[in-house]
Amino acid sequence: MTGAALASLLPMPVALPIAGAVAAPLLARVSARLPVIAAVVALGATAAVLMLEAPGVFGGRVLAHYLGLWRPVHGQALGIAFAADPLGLIFALAAAVIGAILLIYTLSELGGLGPRELGGYACLFQLLLAALIGAALTADLFDLFVWFEVAALASYGLTAFFLERPIALEAAFKILVLTTLASFSIFTGIGLLYASHGALNFAQLQAALHGHVTAPDLIALGLLIGGFATKAGLVPFHGWLADAHTAAPGPVSALFSGLMVNLGIVAIARVVFGVYGPGSAPVLGLLLVVGLASALLGAVLALAQDDLKRLLAYDTISQMGILAIGLSTGSAAGIGGAAYHLVNHALFKSLLFLCAGAVVHRTGLTSLSQLGGLARRMPVVTAAFVIGALSIAGVPPFNGYVSLGLIHQGLLEQHEAIPYALMLAAQVITIAALGRAAWLAFFRPRAQDHGQLEQLRPGMLAGLGCLAGCCVAFGVAPRFFLETVMAPAAAGLLHPGRYASAVLSGSARLPLPGIPFDYASPGELAAAAAGLAVAGILAWGYLRIAEPAAVRVLRAAHNGSANDYAAYAVTGTLAVIAAVSLLPRLPGHGVVSGGIAHRASAGLPSHGSGRHRLGCAEGLLHAFVAGQPVGESGDPQRLGVPVAGARQRQRSAGGHELLPVTDDDRQAARIHEVDSREVEDHPAACPPGLCQAVVKLPARDDIEVTADRDDHAIAPALGRQPESFHPASRRTGPLPGAATQAHRMPAHRVCTRQHPPRRGAGRPGQGSARNISPGRGASSGHPLASCCPLASCCPLTAAQGREGSTGHYDARRNARR
Amino acid sequence: MILANYLASAALFCIGLYAVLARRNMIKMVMGLSLMEGSTYLFMISLSYRAGSTAPVLLNPPPGQSTRTLAHGNVADPVLQNFCLTAVVIGVAVTAVFLSVVVRIAQHYRTLDSDRVREMRG
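For the record, the sequence lines run as chains A and B. The first sequence: position 438 = 438 (this note's numbering), numbered continuously. The second sequence: position 38 = 38 (this note's numbering), numbered continuously.
If we strip away everything but chain B, and leave its shape as in the complex, we get (with noise of 0.2 Å):
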């Protein structure tokens, strides 16, 4: 069921985004940041899925299929794959610098409150 692959990713970014406006704890925004994007993940595989598609790998057809039936024929959208394995990427070296700069911050300011950390206002 498709369906289910959206309710889910709407509903995990949903999570994500009450962790980053409602919880003050610095590790906690950064884990609701990560649902977020774990959820824009799911919903791109969802939006490249066609019904009774199959992976679009054209190396070694299946028996009775050849790579232009293949190709012509009812495969899932590797450009969209494409992106998440880019977002992927990029995502994995945001997060470390996001905890870097939060143990960093931990240690001088000896919270994880994130209401507590603002000398800069106004």
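Excised from the complex, chain A in its bound form (with noise of 0.2 Å):
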């Protein structure tokens, strides 16, 4: 099938739930298990669907289709637009596939409801996986939005389903009264983007806010990341997460921990890399932060509860977390890794509540303090509770302890020690409190035997066998997954640009970065190992003690008030506006100025890895290069993606210049293209014959000038007039040598490598490295360093304030403008 034939097929995985869901009432007149048999038959049909989109869009392909084909014109799109990204359709796959395994437990398990329960338990169940669905496919802030709190009513009903247990009741209150917070928070956060920008798509506003970010727009983000944080069950928002699953029958339970908290990870994830770009605001900090707290606190909890599902739903919170520290590291191994977890803690973390629920449905009981002894009666379940806590704990060869790995990795590329260790201790608090529940529940001996306990049905069977199944065929087989999989996803939150001209002019594909991931890795190993064994020592310890002062106060707060939840969301909430607003404005963040062959830690102060990420995340490097670009400043469309030809020679061309060019080669030599929307034209500010390009500077890299080995005239030249490519030599006119070069070299182009890491002048081995070649491609043929009269390592923080005193090139903070 075509292209435009696969994505308009696009609205049919969200059509047919919905379908079914309407029908499901309907369909209970005629039969009680008829709604719910409809309902698998209708999510069988949208994983197929889904699955046909799935080879093109893995392959770095961006579908989109617009409804009723109101397609964008000149950039501007006003319909409502769908588009399959990987991250996206991951997200989809899994609902539907999932959700299907989960309504066949439900057929097995709760097929003895009357036709009322079951029509109308059908139709909440496929509204919140449509809803699921249309939140991970859609294009569109607005329509997030309503996906969001189509999700929110349906789980507001499941919540409430069990009506005859009052702890149903309180539950919903509490959900109702913290996600109704958060959904005023992104109306207000959404509808102060539209009023500045005029757009809601995600492309769009990409655009619009590309280094344009303002102070209504910061508001904005802390709204939009307050409310979805809610939705995710992040601390401190996270104050209904576990009154819902408790409350909750165990496949909805599975629906909600496994599926539902996810949109609000997937929606922060569009937000921050999608639309604003993670250098605009100290927001991959905050994530971090947010991440961390909710980690270590879920971790803790779970470890302090007596109730079984209400410890898998702490452990929800902890595993929220840990997705958030992996899109924080913003590397492509973090996100990767984040990705992969999602699709993890939706397996195991359905299993286990599937497991929660059908122990606490044989037994009727919930607390860990009178179970025991299960181990002997429920073999099944037992297997498939130890897989699923193995997966967790991140042991090999289940699929957790890839993705862990995958984000300690993230981590430790960004130098990120304190963090990594902090992970480290919420990972080893995990594992204690799965252990602790699994020897209460299942191994420990009880003086009074269960006696026979009802048998599991087939449909049991088969959802705890595929979703255990599935655990272990993400553990063993990782490089498959990674491959095709998550590393399209994690290229596409990277690059924010290519899904915007995707979405809109339909011509670009992702970068398919490749994300290594050694399995037999002597650190990961050891780190696992010594992860169970400590974590042994911490649930047996525990197991003997009184519960710890900390512990006792962390418990006390979460009183069960609404008003104390509430109170808790909205502190929560001022906090990230404040943090996302204020913290670019400390002071230390001035400008930072660098030169040719200044190897240093851009604008990374002296103190302290962490402080800085939450400080200043990027820079922007003003540099001038020969040529000019495609089309006008902010065009979203990538120069050199609809080239012909790439690889060769780029020629002149009626006066205008292709300045970056996609290459395959450099994609895989990490080096990073430099788009149209990152290139700014100010002629009047410009050298004739050169262009002004702005390079977003992550912090922490290196600036490089190196000559390209095709163009070797280019480097002398570069070397011998430097002023010609200062800043502010257009007072005196450029030099001519400048010109002539440019006019001999077509194709000059801005772009950074990735470098064997050094960060400070004292620290080798950490950092990357940006190059600034003029000329085709970045090799290190004839770097400028060595005819530079400044080749010799200085310090970019020791050159503050000196705009542009150090040669020809300055990096600036990216302070507003």
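No lab work stands behind these hints, which were simulated from the structure alone. This structure is a prediction, so every number in the text was calculated from the model and none was measured. Don't be surprised by glycine CBs; every beta carbon is placed ideally from N, CA and C. Check the hints yourself; a few may be wrong.
Now the in silico label distances, taken between C-beta atoms and shown as ranges [what the hints assert, rightly or not]: (1) A/Pro25 to B/Asn60: 40 to 48 Å; (2) B/Asn60 to A/Leu26: 38 to 46 Å; (3) A/Trp70 to B/Gly38: 27 to 35 Å; (4) B/Arg116 to A/Leu412: 45 to 53 Å.
To be clear about the criterion: a stretch of chain B counts as covered by chain A if any three or more of its residues have a C-beta under 8 Å from a C-beta of chain A, and this derived list gives those stretches [as the list claims (entries may be wrong)]: (5) 22 to 32; (6) 39 to 46; (7) 78 to 90; (8) 108 to 116.
Assemble the dimeric complex from its two separately framed chains, guided by the hints.
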């Protein structure tokens, strides 16, 4: 099928479950089980349609469909858009497949309910899944809000579904209060964004916000993060989560924990990476802090729980925190790991909740202190629970090992030693909590035998078997999933410009970076083994000692009051807004200037990396390069993407030059291409024949100019005439050498390359380098450093405040303009 | 005065928030949330207003104006008003669910005090 035909199928995955949801109460009049069977069929069809899209999307294409064929005109989209990018498709597929498995399980376990109950249940279940798929596939901020609300309404119904249990009503009230507050927050944030930029489309917003983030935009970002973090259950927005999961029956808890809370994380990823770009605010540092707090608090509270399902619910908060940590790394490994962990968490947490539901359903007991000795009576459930727990624990060959390892890798690449240690601590506590639960519920000898328990039915066996099998499959074939699925997802988030141009013009493809993962890495294996050992000791110790005072205080803070939980969420939203909008204005983030061949940590203050990441995320590098960008500044179309024969040398055509050209070799070499949106053309400020490029400069990167292997002539020219590239030289006029070079060099480009990492003068082995290469490519053929008088290593931080004093390029902080 | 709209919206929002955070009566909490909801609508409508603008109705233009001049002229932004319409519909549904849950809670617990409905804690 062609791309357009595939794209036109995109509304189907949403329409099918909604049709099933509408039909469910009617079908229930025919037969009680018919609506659930129809729901399984509808979700199977949904998954089949999504699988049709999968090869193209995971191959790097972003399929976009505008309802009613209201296609964008001149980059302006009015219509409602669906777009399948790799991350959205992963989430949508997980929702469809796991949703179908959960419905099969339901059919088996709750099939004895009456027609009214099953009709309503199937209706709400499919409505929630349709909302999740819609939120994954939408390309529009307001539609994201609408799907968020649809999911919220369905979740209210499902939480309060079993009305004979009063705690379900209590949980429904809390989820209603908190989610409604979150929806106001999101709604206001979207309104603010629209009022300033007149756009709702992710792609248009991304173009509008690129480098021009104002104070209302930052407030909107804070409101959006606060709202979606409530859905994700991140601390301090998590008040509703544990209660809602405890009160609902097993499959519903599995749906909430495995799929629904991920909506919040996916939405945060979309907003932070796809709309704002991580460089526009200290948002990655914020995500790191929130993620660590969630991971630790959720794990500690899980360890202290007596109710089995409540324990798993608090562990969900912890796992959402780990997803946020993965996103906060901002690197391919970390984000790919987060996408991997999103799927893994959906699998193993659904499995664990189904096990817990089966235990509660069979024994009628919920508290761990009363359970015990189930390993003999329920061997299948015990095995499934142990597989789920080992997956969370990150034990090879189960799936958690891979995703957690990737997130560790992402953190270590960013030199986040303290967050890495804290994340390991959270994992150890998580393992201890689950180990304690497994011991108390299943393996501990119990004085009173449970007697003959009801056997598992075939549908339940199938559900548990599928999920457990997937846990193993995702653990033993990491290379396949990483290459085909997770690396494109990371690329989609890291290259929002390509996503934008694909949605608006349909031409761009996502680059497909390789994410290396060493399965037999000694460090990871040692960390897993040590984690297991420490967790074992911790769980053993926790069973024997009284509750520590700190844990008692934490539990007392969760006092069950809807007012207090709302107060936590409101305080959290205010704190997020303050952090996002105030932190960049702190002193100490002034102009950072650097020069050619300055190898230093750009703008990295000497005090600790964590604080730095919070304070200033990225700088801008202004450079003059030969040639002119195609199109206008801010044109969302990536330069070079539609160019045929990109590997050949670009020739001048009609006075316009193609600045950066996509080249698979350079993708492989991890050269960061500059797209046209990063290039600003300032003819007045530029020497003739040159144009100004503004390159986003991630903190801690080195700046270096390298000549190209094809263009040997340029390097000495640049070296001899460095002033011609100096911003100050525009007053005196360009030097002739530069102009002639520019004339001879049709395809100059600015590209960046990641070097063997190094950071700071005295700390080799960290950081990365960026090359500004005039010419095609960034090979090390003629490094300009060798002929530049400023070649000696000079920390950029030392040059702070002396704008342009050191040479040809100055890197400025991303000060709001 | 458009500023009055913003001030009224902020005041409504704060009153609603106060009710949600400080009132323990569940009906009053729902009322507070409804007030907050109303304040966001007022905020959105005020954001879409431009000085001297007309309603964004392009059919049957008033005498002396054509549809084209209206479309290129000064009309209030209809998209934010559409937001509000959508959100009103969603808000009605949410309030209905909210109130039915509160009614069921009142039937089960014989109280509307949210502090006495907190079995799940810790």
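Exercise. What hints, given by number in increasing order, does this structure fail?
Worked result: none
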